[in-house]
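Asker: So the protein lines, in turn, are chains F and G.
Taking the working numbering, the leading residue of the first sequence gets 13, the next gets one more, and so forth.
Taking the working numbering, the leading residue of the second sequence gets 13, the next gets one more, and so forth.
The set of hints was computed from the structure by calculation and includes no laboratory data.
Don't take each hint at face value.
As the list claims (entries may be wrong) - Label-pair ranges, simulated between beta-carbon atoms:
1) K112(G) <-> S40(F): 45 to 53 Å
2) S20(F) <-> N232(G): 30 to 38 Å
3) K19(F) <-> G90(G): 40 to 48 Å
4) N232(G) <-> G90(F): 42 to 50 Å
5) E73(F) <-> R345(G): 23 to 31 Å
6) D188(G) <-> A113(F): 24 to 32 Å
7) N232(F) <-> K69(G): 39 to 47 Å
Unchecked claim - Facing chain F, from chain G, some residues (calculated, C-beta under 7 Å):
8) K19
9) S22
10) F107
11) P218
12) S372
13) S388
14) M399
15) V432
None of these values were measured; they are calculated from a predicted model.
For each residue, glycine too, the CB sits at the ideal point set by N, CA and C.
2 protein chains.
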Amino acid sequence: MKTVVWKSLSDTQQAKALERPAISESASITEAVEGVIKQVRTGGDAALKALTEKFDKVVPENIQVSQNEIDAAEARLGEEIKTALKQAYDNIACFHKAQKAEPLTVETMPGVVCELVTRPINRVGLYIPGGSAPLPSTVLMLGVPSQIAGCRKVVLCSPPPIADEILYVAKLCGIDEVYNLGGAQAVAAMAYGTETVSKVDKIFGPGNAFVTEAKRQVSNDHQGAAIDMPAGPSEVLVIADEDADADFVAADLLSQAEHGPDSQVVLVTPSPVLAEKVADAVKAQLKVLSRADIASQALGSSIIIIADSLTQCVAISNNYGPEHLIVQTKNPRELLPLLDNAGSIFLGAWSPESVGDYASGTNHVLPTYGYTRTYSSLGLADFSKRMTVQELSSDGLQALAPTVVAMANAEGLDAHRNAVTLRVEKLNNKK
Amino acid sequence: MKTVVWKSLSDTQQAKALERPAISESASITEAVEGVIKQVRTGGDAALKALTEKFDKVVPENIQVSQNEIDAAEARLGEEIKTALKQAYDNIACFHKAQKAEPLTVETMPGVVCELVTRPINRVGLYIPGGSAPLPSTVLMLGVPSQIAGCRKVVLCSPPPIADEILYVAKLCGIDEVYNLGGAQAVAAMAYGTETVSKVDKIFGPGNAFVTEAKRQVSNDHQGAAIDMPAGPSEVLVIADEDADADFVAADLLSQAEHGPDSQVVLVTPSPVLAEKVADAVKAQLKVLSRADIASQALGSSIIIIADSLTQCVAISNNYGPEHLIVQTKNPRELLPLLDNAGSIFLGAWSPESVGDYASGTNHVLPTYGYTRTYSSLGLADFSKRMTVQELSSDGLQALAPTVVAMANAEGLDAHRNAVTLRVEKLNNKK
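This is chain F alone, in the form it adopts within the complex (with noise of 0.2 Å):
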């Protein structure tokens, strides 16, 4: 890791340092995934299994998994893990399940009344990516706010063959239907529905560059999909001060860097006594990881940033807008207020980030790439829409006329004044 001084870089190398990455956008990913959508809307379920063929080299027997095969997973896996499952099902769903929006109504003027009600998404795609190693959390974090919400159809794909762990989860969560489907195709088939596949309202979830990129083609389909958020690679930044455990924050640091190559992973401190035990942590630690390889080469485009004061620390955090900020200083509660722009924040030296990616109850499906500016961490606001209702007395809309009639004059739209005088003069008749 690179370890930089604040206050002795310019202003173009503060903003340099904490740049991210280009995000490459390939004009072939583009046409490839344009190719793919058109491939599975006009060509259906036969389509999916050619390009499940093509690209997953396996032919499922079934688009969909059945119950069988999912009753089947549960039987196969072993007593700790499921426990494990079901606990964090358990506090992922007590923070989702208080996040429940009371339905509000407020009497503006007296017979004039507003509300504001809650309607789950009906129709939601949850993707899970395949790959290296399955990822139920991910399922954890999309099924749990889904089941809460009461959509009434909850789909999702996944690259087969499909790991027992993300059956199991999907199972806890009453997902609907379950498909062997990866990549492109899968968004593709959720977007826009199948012979077999249900279309979906809205598609959550991460993915590599080809589902990214689906994502973002059937979102600006009027005929698609909405999204979750616009993607970017994983980061952490840490703030922490000399009171912190080296240990702690490498380690930290370090899950991080795991997650891929991309992974941006960033320390900011005002002490360079700590910075310096942190480097050397990290470097002890990382030698025993299997997945080395991954965390060093992110690694190195990482950086140790040393500030003034923690102040300046969190000047720098607001400004780069982690997805993770991790707190770690003598009293980290203090420096909540003034935090902003951030994903998800783990105050102290018990909260390491990997308790949020699986457990606290929190949602590891968060904002990336600066987006923390004007997205929010994944919630049950995002699987329901607000509706807003109005409720007029006759006497409400007699108090509020004048008003309306003199904005519509203004605007010069007859008919909306119309629909008022006209209901004013018949209360007036009748009196």
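With chain F held as given, fit chain G onto it using these hints.
Answerer: For chain G alone, kept in the frame of chain F given last:
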């Protein structure tokens, strides 16, 4: 207006009857907007002036509207419209203040505290269209929530000359910077910033095809800005039974139709008698409207649907997903729990759409074009973002450790496990 009997239509004919007009994706608009954005990004203020001269045929002395000009606009306005705008401001503020999210704190397990905290989006840009009539109501709908959310910088762009009503409301809402800028160039200026115009994080507001395309383009660029929601033509669906007043229903249909020739207007009723009365009333009321031409065009593609029952009316509405949904039935509130996929709902005879367009308190920026299935009525949440926080005690971490360790093992992520085991070992060594 064309009248159809729902049960006499085939599935395909039913789908066709509710089909929205295709939004033409014009390659020439895409290219023109790309050109404008590029010009603004490279040319800054000079480019803005040149583009304003080209498209708006005026060259304001300054891009930014001065405080003196705003004060002068206020002084020129009559008391009646100022009183109306203030009343609308109060009602909208009242309803949006009630949407403030309380911080949420949940102990998911003993010693594992999870929180949801809300922060304002720091810098927001509001686009207010110019054209035939000024839209001070849209300034209220965007300006009030940005003020209540506590956004640190609020920028407003509107094509010159900007109406006094717009400047007055901008002052009411405490908007920080107002610019004489319209079209794609205004969106580009807010998304990327220039010497004079502040860059913002998120852009809100309606506009023509060029503005909509510019919003789409900057929202697809990571260096650009987020946007409020996808755009489409405005629309209303009215559910009315034989108890409804045909004049009221006709007035509501017309106040939607006068918005623009592409406005969508739908009446669904179980009563053929009412259907006929409304059709007649529409013809009669249309004659006296100043925007009768526009309304007539919109009515050309509008439809009256005769359904079997109110239940079927609700099903048709939920399937269509209207921006505005007006319910004029004997017991409108009874239907509310069944209603889904609507932007804003107007219950009963005394709640015409124009009260929500202006002054009841609800927001008039609503999802259109079927986006009601996944998008929400604009509200305070859109000017904020949610971050999660977790803080574990040492006991909390020890209790959660076996869960995290088992899941990290299942996902093959050593460093995730180490970040927990290393802490637990230190705790055990201390004992």
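Asker: Could you check the hint for me, namely that N232(G) and G90(F) are 42 to 50 Å apart, CB to CB?
Answerer: holds (45 Å)
Asker: Taking 45 to 53 Å as the stated bounds, is the beta-carbon spacing between K112(G) and S40(F) within them?
Answerer: Taking Cβ atoms as reference, K112(G) and S40(F) lie about 47 Å apart, which means the hint holds.
Asker: Taking the Cβ atom of K19(F) and the Cβ atom of G90(G), is their distance within the range 40 to 48 Å?
Answerer: Hint violated: Cβ distance 57 Å, outside 40 to 48 Å.
Asker: If you take the shortest Cβ to Cβ gap from V432(G) to chain F, is it below 7 Å?
Answerer: holds (6 Å)
Asker: With chain F as the partner, please determine if S22(G) meets the hint condition of a C-beta pair closer than 7 Å.
Answerer: Status violated, d = 20 Å.
Asker: Using 7 Å as the Cβ threshold, decide whether M399(G) counts as touching chain F.
Answerer: holds (5 Å)
Asker: Interface hint check: P218(G), Cβ to nearest Cβ on chain F, cutoff 7 Å. Holds or violated?
Answerer: violated (13 Å)
Asker: Using the C-beta atoms of N232(F) and K69(G), is the stated range 39 to 47 Å upheld?
Answerer: Because 33 Å falls outside the window, the suggested range is violated.
Asker: Taking 23 to 31 Å as the stated bounds, is the beta-carbon spacing between E73(F) and R345(G) within them?
Answerer: Violated - the Cβ-Cβ distance for E73(F) and R345(G), about 51 Å, lies outside 23 to 31 Å.
Asker: Tell me if the beta carbons of S20(F) and N232(G) are separated by a distance inside 30 to 38 Å.
Answerer: Because 37 Å falls inside the window, the suggested range holds.
Asker: Any CB of chain F closer than 7 Å to the CB of K19(G)?
Answerer: Check failed: Cβ of K19(G) comes no nearer than 24 Å to chain F, outside 7 Å.
Asker: Take the shortest C-beta to C-beta distance between S388(G) and chain F; is it under 7 Å?
Answerer: holds (4 Å)
Of the numbered hints given earlier, the model fails hints 3, 5, 7, 8, 9 and 11; all others are met.
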